[in-house]
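Could you put together the complete structure from these sequences and hints?
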Amino acid sequence: MINMEGISTENVKPVAIEPTSIGSVSEPSVDTGEIVLAAPRPWWIEFLLHFSTFGAYTSIWLFLRTREFKAIFNAPLKPWLWLFVPVMAIAEIIALPKFTKHVNALEERANLKPWNAWYGTWYLLVILLTIAFNVSDKYEFPGYFLLFGLLLWAGLFSVLHDRMNKAKAQLKEYTYTSKKYYLSIIERVILLLLFPITLYFSLTLAIKPLFEKTINVLATNSVYIDKKNNFELPINDKGWKTVAMGTHSDGSAIVEFQGPLDDMYFVVFHHGHDETLNSVSYSRINSAVEENKDAKCIHTRTLSKDQKSVVAKASCKWRVLNNPVLMTVTVIETPTGIIELNGHMSSVSASYAKHEQKMLTMAAGFSPL
Amino acid sequence: MKISILLIILLSNLCLAKSPVTWVPKNLDSWNELYSITQQAKTQSYNEYTEIYFDADITLSEKTVITKIRRIIFYPNINSIQNNGADIITFNEALDTVKISVISTISPSGEEKKFSQHDLKINDANTYNTFSSQKNAVLSYTGLEPQSFVLVDYEIVRNLSNQESDWSRELFPQNIFPREAYRVTAHWQPEFPLVWNNTSKFVDCKDTKTSVSCEGKKISKIVPDDEIYWTDQIGSIQLGQQHNWDTIIQTALSKFERSQDKQEKISSFVKNLLGQEADIEKKISLIHNFVSQKIQYVSMSENGNSITPHSALRTLDKRLGDCKDKSALLFSMLKAINVKAYPVLVATERLKQERLKLPSLNFFDHMVICFDIQSKHYCIDATNSYSDWRYISPGIQGKVALPLLENASPINLPKSNYRLQMNSSTIYTFLPDGGQSEEQVRYYESEYASFFRNFFSNKDEKQIEDWLITDYHDHVASKADPILKITDLNSIDKKLTIRSETIFKPYIDTNVDLTYTENDSWILYQLDNQLIRNKAYEYNLSGAKITSLILFDITAKWNVKTLPASIFLENKYGSLSRNSKVNKGKIEVLTELKIPRNIVSLDEISKFNEYINLLKKESTISIYGTLKK
Chain A
1 MINMEGISTE NVKPVAIEPT SIGSVSEPSV DTGEIVLAAP RPWWIEFLLH FSTFGAYTSI
61 WLFLRTREFK AIFNAPLKPW LWLFVPVMAI AEIIALPKFT KHVNALEERA NLKPWNAWYG
121 TWYLLVILLT IAFNVSDKYE FPGYFLLFGL LLWAGLFSVL HDRMNKAKAQ LKEYTYTSKK
181 YYLSIIERVI LLLLFPITLY FSLTLAIKPL FEKTINVLAT NSVYIDKKNN FELPINDKGW
241 KTVAMGTHSD GSAIVEFQGP LDDMYFVVFH HGHDETLNSV SYSRINSAVE ENKDAKCIHT
301 RTLSKDQKSV VAKASCKWRV LNNPVLMTVT VIETPTGIIE LNGHMSSVSA SYAKHEQKML
361 TMAAGFSPL
Chain B
1 MKISILLIIL LSNLCLAKSP VTWVPKNLDS WNELYSITQQ AKTQSYNEYT EIYFDADITL
61 SEKTVITKIR RIIFYPNINS IQNNGADIIT FNEALDTVKI SVISTISPSG EEKKFSQHDL
121 KINDANTYNT FSSQKNAVLS YTGLEPQSFV LVDYEIVRNL SNQESDWSRE LFPQNIFPRE
181 AYRVTAHWQP EFPLVWNNTS KFVDCKDTKT SVSCEGKKIS KIVPDDEIYW TDQIGSIQLG
241 QQHNWDTIIQ TALSKFERSQ DKQEKISSFV KNLLGQEADI EKKISLIHNF VSQKIQYVSM
301 SENGNSITPH SALRTLDKRL GDCKDKSALL FSMLKAINVK AYPVLVATER LKQERLKLPS
361 LNFFDHMVIC FDIQSKHYCI DATNSYSDWR YISPGIQGKV ALPLLENASP INLPKSNYRL
421 QMNSSTIYTF LPDGGQSEEQ VRYYESEYAS FFRNFFSNKD EKQIEDWLIT DYHDHVASKA
481 DPILKITDLN SIDKKLTIRS ETIFKPYIDT NVDLTYTEND SWILYQLDNQ LIRNKAYEYN
541 LSGAKITSLI LFDITAKWNV KTLPASIFLE NKYGSLSRNS KVNKGKIEVL TELKIPRNIV
601 SLDEISKFNE YINLLKKEST ISIYGTLKK
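For the record, the sequence lines run as chains A and B. What the first sequence shows, in this note's numbering, is residues 1 to 369, in sequence order. What the second sequence shows, in this note's numbering, is residues 1 to 629, in sequence order.
No wet-lab data here; the hints were simulated from the structure. Possibly wrong hints are sitting among the right ones.
The calculated lysine-lysine pairs, modelled on DSS-like cross-linking and capped at a C-alpha distance of 27 angstroms, are [unchecked claim]:
#1 B:K586 <-> A:K293
#2 A:K317 <-> B:K68
#3 B:K629 <-> A:K317
#4 B:K68 <-> B:K201
So the derived list for chain B, only partly shown, Cβ under 7 angstroms to chain A, looks like this [unchecked claim]:
#5 P414
#6 K561
#7 T562
#8 L569
#9 L614
All residues carry an ideal CB built from backbone N, CA and C; glycine is no exception.
Listed below in structure tokens is the structure:
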């Protein structure tokens, strides 16, 4: 349980606080008789740290701030417990008001008008975002939604940081670390490494899909018929559409399908008469096994619906970052040669489970006409 | 060859003469109608052996059947003369009298060359161990040259008084050569009626109270085919006396019962043969083995014994007999161990009982003994010494049969769903040097084992080994000689086992990942056998069930990377299934092919073959291994 004791603004015992680094936070020293607070840092630095670390920095930020409150107000706080607040929506219901009370106390001491946390909106947004982030490892949200949520999250805590900056600016009795733009080594590494990565993922996973060109939205329980009458693909899930060539392939596919999840698609390759059922199906399986040591593959052959040819169906499953990944390969023989339906799906567990069987059924339904 | 066989079939149905053949010359002038047909035919341009005219006039009376045949045949070229320059009139020397009136060759210039009595040769219609009253009058037409005609006019009189069975005839308007004009006429007296039926689409029949006349023109020849029961497929005109199946059965049964005398002597012999054996199945095995293997097949079926078996005791004593003699002895021996059996007549060339349009014994040419024990039905073919008695001899499965039981009618003998049953077990061990060892065991079951036992029966050990090695090279691998061993060749109640061990010289690169493809040889071989080559008629599939278990031991150099695909290719014609698993680093692949017995119609043959070709492609097994570090 998080101990959220009452705040006392009296009997403040000066404590030296020297921000070191995120990874090397030490207990405040009590020997100096002097309270050293982190110098007010521009809100956008904090924003970048919250954003670049996908919100992980929020735990550290809360830890550091509660440690400051503990020193300033001699409050019976346990800063390490605040490390867990950002991931626990229930704890936030109690913790966040307590935290803003300390902020208000700080502002009061600085003779500033206390913050009203937008009359509860701030709390609500943080708690809702926490819930959303918590379930996002089970249910997939659109990339743009998560990006928006992350930006909002970073913004919400940057706002709070900015209020504390203003209060600190009025409080001259404390000693501040001298460097306004001070960044620890780890913070620098985070910003240098993670910011480009976060930006890249934001663009590819969240922004790019928004600009993907949808060619045709496919109705649920319909059947996609190849324009050249070579094959058909049953559409048995919501949200499927055909997208521009090159969206998921190197451009050599003859048609590409985007599924309801961001990382869920089928691409169709026309191999002609140069390949065989065996060469295509086994090469895909072998590649999956070579690239993912834990890949488990199933490879079956059945007759096509018209019973005039054999359909090779393979699926391989493995995990990446604990998320399940599914690859499907369905190869058919047509008078124009070998045609392959190559499918891929990766998502968080609940969303994956919701769509896996439908994806497999669609792959199995890929048939020559 | 085929022409001759069919001519025998055709003419044997018409030969009703008494031996010796008599010569009653008749002038062509009196044959004006046929002569004018010949003249008319000259204006046509026939380019193959053609029967210009065929007329059969049959008169049934109480004691005789008179059949008058008139034919005109055209020979357009040398080939037709070389291949069909002789005809045969088959007759029963004990029952028939043949009177030949005209056999003349008309040259292109119109010159007539008469066949003389001295040119007529009579030979035996029998094979080396089969004797009957059937004789062949061979007519080698004289003076034949391209564009010649042959005119034939003869009469066969059959004496019905001495005939063992009923009289009936089946005539096939369609033959392996084209016919221009075809007519069959039958007459009878109201008190001795003749029954008839026509299933040929090439003739139209008109009848009166005492006659029927069937006529057809421009009858195309039969399209030759790979495998076909002609009597099931070609329409015919069936003529016979008025009977029902009960009277036919009674006739046959009364003849059969004549063979059952002195049962006590047979019982005494059986007692000695069986010794202390108590198990009923083993007793039947011993009796079957004795009758099928210790009684030599010799058919003495002259008139009086054409449908009547010799006495069972005589057959036992002389150790000689044909199917009915052996069946009579078998019946008697089974009776000695209290197995209640009954004889069954079999038409070995017929699968369609609906083609028997009128009751007659003449459809049947074989006899077996059937019985039920322990709620199971069995039929033993006493002439087949290579098949276990527990399954029906492959040659008669599904054939039309007539149980000689009260109130019975024609049936089809039971048939196995899978006449070809074989299991194979193979271990491929990949050797560290890139070589391979192969150990294979094949188990042939029931009818399939019977086929091999029959096939190997006239071969010595060396010939069998040579054949097996060639067979292995043809179907498994040609680059190495196996060490082969065949067991239980003569134990008809056991599976026939063929073992082979082969070492292949290094040919696999052991320094890279393994990519390996192997044919499932015996599955592929059987699939090849299943392809139907018929082009004009339906095909009777005998059914095949082959199981192949292959173990790939790649542990010397590789770890398993990818298993062969699981296969389940099933449709109405059969199935091919395959499953594989890894067991202690080795890959086990189990494949099962099932093509049940089936009659594949002409329309379905191409679809069936497409299916089989799909299965052939999937019979290969691909495995992949990762090189061990």
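Results for each hint:
1. B:K586 <-> A:K293: Holds, at roughly 19 angstroms.
2. A:K317 <-> B:K68: The hint is violated at about 83 angstroms.
3. B:K629 <-> A:K317: With Cα atoms ~25 angstroms apart, B:K629 and A:K317 stay inside 27 angstroms; holds.
4. B:K68 <-> B:K201: holds, 24 angstroms
5. P414: Violated. Min distance 30 angstroms.
6. K561: holds, 6 angstroms
7. T562: With a closest approach of 5 angstroms, the B:T562 hint holds.
8. L569: holds, 5 angstroms
9. L614: holds, 6 angstroms
Hint check: violations occur at hints 2, 5; the rest are consistent with the structure.
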